[in-house]
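There are 2 protein chains.
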Amino acid sequence: MTTAHTNQKFTSVGSRPVRHDGFDKVTGKALYGADIDLPGLIHGKILRSPHAHARILSIDTSKAEKLAGVHAVITNHDFPTQEDKAVSKIPGPAINLKQQTSNILASDKVLYKGHAVAAVAANSAHTAEEALALIKVEYEKLSHVSTVEEALSNGAPLLHDQYKNNIASHDVLEIGDVDKGFNQADLVVEREFRTSTVHQGYIEPHSATGWWTANNKITIWGSSQGHFQIRDRTSLVLGVPVSAIKVIPMEIGGGFGGKTTIYLEPMVALLSKLTGYPVKITMSRSEVLEATGPTSGSYMKVKIGATKDGKITSAQADLKFEAGAYPGSPVGAASNCIFTPYAIENVRIDGYDIVNNKPKTTAYRAPGAPIGAFAAETLIDELAEKTGIDPLDLRIMNGAKQGTPRVSGINNPLIGCIETFQTTKEHAHYQSPKSSKKSGRGVASGFWINGSGAACAVANVNFDGTVNLTIGSMDIGGLRPVAAQHVAEVLGIHVDDVNPQVGDTETIGYTSMTGGSGGAFKTGWASYEAAQDVKRQMLERAAEVWETSLDDIKLENGVFTHSSDTELKMSFRELASHLPETGGPVVGRANLDPRGPGSAFATHVVDLEVDIETGKVTILRYTAAQDAGKAVHPSYVEGQIQGGAVQGIGWALNEEYFINASGEMANASLLDYRMPTSLDLPMIEALIVEVPNPLHPYGVRGVGEVAIVPPLAAIANAIYDAIGIRMTELPMNPAAIRKAINGE
Amino acid sequence: MTTAHTNQKFTSVGSRPVRHDGFDKVTGKALYGADIDLPGLIHGKILRSPHAHARILSIDTSKAEKLAGVHAVITNHDFPTQEDKAVSKIPGPAINLKQQTSNILASDKVLYKGHAVAAVAANSAHTAEEALALIKVEYEKLSHVSTVEEALSNGAPLLHDQYKNNIASHDVLEIGDVDKGFNQADLVVEREFRTSTVHQGYIEPHSATGWWTANNKITIWGSSQGHFQIRDRTSLVLGVPVSAIKVIPMEIGGGFGGKTTIYLEPMVALLSKLTGYPVKITMSRSEVLEATGPTSGSYMKVKIGATKDGKITSAQADLKFEAGAYPGSPVGAASNCIFTPYAIENVRIDGYDIVNNKPKTTAYRAPGAPIGAFAAETLIDELAEKTGIDPLDLRIMNGAKQGTPRVSGINNPLIGCIETFQTTKEHAHYQSPKSSKKSGRGVASGFWINGSGAACAVANVNFDGTVNLTIGSMDIGGLRPVAAQHVAEVLGIHVDDVNPQVGDTETIGYTSMTGGSGGAFKTGWASYEAAQDVKRQMLERAAEVWETSLDDIKLENGVFTHSSDTELKMSFRELASHLPETGGPVVGRANLDPRGPGSAFATHVVDLEVDIETGKVTILRYTAAQDAGKAVHPSYVEGQIQGGAVQGIGWALNEEYFINASGEMANASLLDYRMPTSLDLPMIEALIVEVPNPLHPYGVRGVGEVAIVPPLAAIANAIYDAIGIRMTELPMNPAAIRKAINGE
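The listed protein sequences correspond, in order, to chains A and B.
Using numbering that gives the first Met the number 0, read the first sequence as starting at 0 and increasing by one per residue.
Using numbering that gives the first Met the number 0, read the second sequence as starting at 0 and increasing by one per residue.
Don't take every hint at face value.
Unchecked claim - Calculated lysine-lysine pairs in the BS3-like style (CA-CA distance at most 30 Å, straight line):
| # | chain 1 | residue 1 | chain 2 | residue 2 |
| --- | --- | --- | --- | --- |
| 1 | B | K65 | A | K28 |
| 2 | A | K24 | B | K216 |
| 3 | A | K534 | A | K615 |
| 4 | A | K28 | B | K216 |
| 5 | B | K163 | B | K140 |
| 6 | A | K88 | B | K568 |
| 7 | B | K8 | B | K553 |
| 8 | B | K302 | B | K400 |
| 9 | B | K310 | A | K216 |
| 10 | B | K24 | A | K216 |
| 11 | B | K400 | B | K310 |
| 12 | B | K28 | A | K216 |
| 13 | A | K97 | A | K140 |
| 14 | A | K553 | B | K88 |
| 15 | A | K88 | A | K108 |
| 16 | B | K216 | B | K310 |
| 17 | A | K424 | A | K310 |
| 18 | A | K8 | A | K553 |
| 19 | B | K28 | B | K84 |
| 20 | A | K310 | A | K300 |
| 21 | A | K216 | A | K84 |
| 22 | B | K400 | B | K300 |
| 23 | B | K88 | A | K568 |
| 24 | A | K88 | B | K553 |
| 25 | A | K534 | B | K216 |
| 26 | B | K433 | B | K307 |
| 27 | A | K28 | B | K28 |
| 28 | B | K24 | A | K88 |
| 29 | B | K88 | A | K534 |
| 30 | B | K534 | A | K534 |
| 31 | B | K179 | B | K302 |
| 32 | A | K65 | B | K28 |
Said to hold, decoys possible - Over the 10 Å line for every Cβ pair with chain B, so calculated as not near, a few chain A residues:
| # | residue |
| --- | --- |
| 33 | E203 |
| 34 | T465 |
| 35 | G595 |
Calculated directly from the structure, the hints in this document are not laboratory data.
Ideal Cβ placement from N, Cα and C applies to all residues, glycine included.
Chain A on its own, in the form it takes in the complex:
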């Protein structure tokens, strides 16, 4: 269901074409990261730390090197030495290269179980694996910390000398005066919350293949969310110019933020340099879970005050997020998002980035925001209960609007926050009675910042009237059709007549990664501009064919017409057939760095049932409303909403890194790391709210992330509604619920 707050009419934008890459993907023709094969390819395997925290005293690779079939063994010391401070050498946030490199291969210490220590390249994967056992590493075991609270405890072991108390950073965001605000409040709700480390759970494990030829040109094949970012980061770790590396993107089997950084790429490149052969490494599922980047576990203390009429006067949060082994938790993003759905005059947020002995966290869909929202939206629900106001009415009353100041210092542009509250409230789900007395209903909202970045597109007109479109953004969730729809809309042609593809780092201009919900926004816009460049030239050709003035011609719905001579009419296809004799091919290009990908707001409502005996929660009905700006391809927007909700449900109810006393993840397989399957869930109903983004030519906002923000709290609120217990720790699995019921 779509609720449109606009009158702009479209033809291709807003339609639901079959994705151009769909056929190849369902028939198995599409090639993913591990599917590349090359002449002379050899295979790599990685030796990983058995300890959560230890000093490396020595590594002896000599026996492994002597094994027949082994070509090379590398450790951290084979990479160039890097300074231990953050530097800005490539687009994006500054990077501490010593830490980045040490996460790829441990230097003096291992900081988590599974931390890579050495890599072997051999004729076969089996030989490489055999060689791992021949590498002798001498460790001095250190005590470890697995949670925020352990990391901050007195006498806790330090992971890095430079971070006192394991606190890598502490930032404060503040507007107004929270003390004054709480004084104005008639009631104040305050609670502590804890969340577990969870993984994105993409289907495709990481794989990278590298070929470093003796003229110092490096080609890397792999799947990622941004091949330019992979190129740039790998260049820094290897100490080579970005132009020495070409990254050829393979199809990606899911990323959700987890494929925005590098693990294998510098290793395969270096192993290739040493051996002369192309080298491939593909991770196992356990390696993915133990040694790539999940999102933070956290400890939060949050407090909200309101008048008895329900006006929120003050909000304060203390957010302590696990970074894992190296700094970089999403606590900053969480701080920016936690209270943004509401207009609150007095806000203070203390955000702490805390290192501990787990894999270094990486982005996971709206990084940090679901964690913060779990706390804030639980308290909003509690406020609604205590003031006796319907939770959606309370939100509508306090909802953020255009102009509302944010804690980040900016004011809201035109947003659709209250519209998602309204849409949810008016929807049949919320209007209907609960299915049974036993069941509970909960609502929660969420905000995500949305990002953008540079994007390029090139459009080539074929003489048969079709258009080849090359984009620089990886297509994860349907970017090819979305980009094609932008072109089709501008030119008035059918989207099937646009042939979109993703270029490698040498074919297309620099394009920032598919992340921050910015793909459709920036690459859609680049495709729009490339099409405009095509349109300008096609109008000139029409003027040439008709021997008339350019000003007299227009293109509408794919037909060129003349302002005064109504006999003159020509379809795009017809004009394309005249290109050879009117100056040759037409190519449009776009290179831009567009700002303002809009803000994303979502409101979810969930009905569920709690089995008191087992503690098992069953989701009965789930409805998710989200402002998409203009939904270019509603099916994919719905898919994003549904997918985000499902990941949030898994995070809420079951997913966690189960860390044992030795600091090891005890459930590093998809059998034990429990993600929801289709059997666990009802159909998620997606409600698209369209408040067009005034900064995009077609009103597009980012849509990929915010749907994961509300579910954690929505489910907690529904559980409260069902059993009267506020769950403040994740996951809310059967054991936790039984424990809560039993008051343990």
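Given chain A, work out where chain B should sit, using these hints.
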């Protein structure tokens, strides 16, 4: 040695950088046509006609289809039915699709030994070959014609009902009045000439791999001189839109005109459609010689008249060229070229395109021109002898200049014809005495039209200051560095900082084939324009960085400077590092269809010795002067001059299709088809004459072909000088020379 007729100064253009693709090519990393491998790849083989001319009564493929491992067998009838007339549906000359298709797989008749009759796809090449033996073809053998004269003889069998006397076309080019011209002449020379069929002799046999997926998208991998042309022609034969086909160009191991058309591509596509697998077919050397397109054998009668002072008053030629099995000899180009080095008021040329039972001819380096020049330049030499004028003085006296009318109807633009005569005359080789009394010296000149066509280029600036350049022209003889030099020249950066690559048919805009000596001209120009597009944007960024007016900034030698503030200076590289914060990436595009690739003239002088006893000719010294316009990469221009001369020497002295009484090529291997090797030849001295082409921004002309035009006559003239016998038939091999000496 370069003789420059210009003062224009360049930095990158005119330098001799190492080619960007050189490393991959010498280390074996570069992938050629047959080097592609794909999941599920199966292999094809072709059944070919054992007869030179026969009717196909029936083809029974049933046994072959039943062989274990065989997936499909196709014949001509599996292709869509096509009309038997020339149609213009794609850029380039009109194509008779029935003939094109029948040359790929014979329909009702086989027209030459080796003509493809059926193709098999099987699990392995060996199984496919085994299956060929199980296909039963019933033929009705017909009598055949192997030369022009046989084809025109009374009672000759007709290859095609519609061509009377096997004459596919007869065209006349005429200016002035030849009879009047001959009346003005004091002396007239006239002779008959015969040349043999010769092959381009590229090292890499044809190979194509096709994958036709059930959504009717076809991908073809192969090496060719123009992947867009391969795409377009294949689309016509298969009856699918051009946009249904993507051609991915592999590196090309030589083409010389022979890789401008299709043989295997429609077969592998169709076999893939029928089987669902990707299918590869690679030709053997014999298949290349017997069943791809060599150039014409010919019969010519040519006549030139002059005054006793050496002024040529009239010239007439009767050119009868073998087309092979289907129409399309290069007689038209030969007609246009034969007398063009000279200003002659009265000219008539009758050109006949004659079908006979040999493989259909295809382009071979300056198609037709060497054949015509063999005749005309022999007669010019005879005129010089008879008038007692030095052959180069005679040429200088009659040489074509800017404004001289051509037989084609146009007047010469600025050309460097007389400059090549002069350069040769003044060169030490011509000025030196012959090495011995036995040796002979000959000179000859030649003209080639040069072609152009559409070309596209896209240039992406990396933030490290390097530039990725994608072009659409296949790189055969060094186009990557040449294109990069154009970009480097415009931007003032080093050519090694430009990274050129060839895009596939979807990545880059339509670009016509690398042929007609047009590659460096058109794709160089496109690269120049793409760089200009980059330059414009970089100037805007400099203005943004310096917060100053665009008009105050210029880019010279890779440095941005300010007109008044001399403190302001920034290298291209430095500005590139500022792109991320000034609007993002910079991409330049060019799509153009430039005209005027200049005219190419060449003059060669050769010293040789004839062994009277054996008839063997030994080349002692060879010097070749050629107008290159501006030589972008002199080493590659020299390489083209040397390569053309060498192919001409092979054609003159040894190469021929030796056709036996059954109409079969009896020497279909490189052991028996005798091409010159480095041991047979002295170093060819290349003299680059630079008369800049006023129609190209850097003065570039086409250089790839004309060097093959003079050698045939130059060697014939030198043989005459050595032994006093005018050789009028090719090849002038030992047997032919012994026969001439013996007066047989």
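ask   = Any hints this thing doesn't respect? Which numbers, in order?
value = Hint check: 3, 9, 16, 19, 28, 34 fail, others pass.
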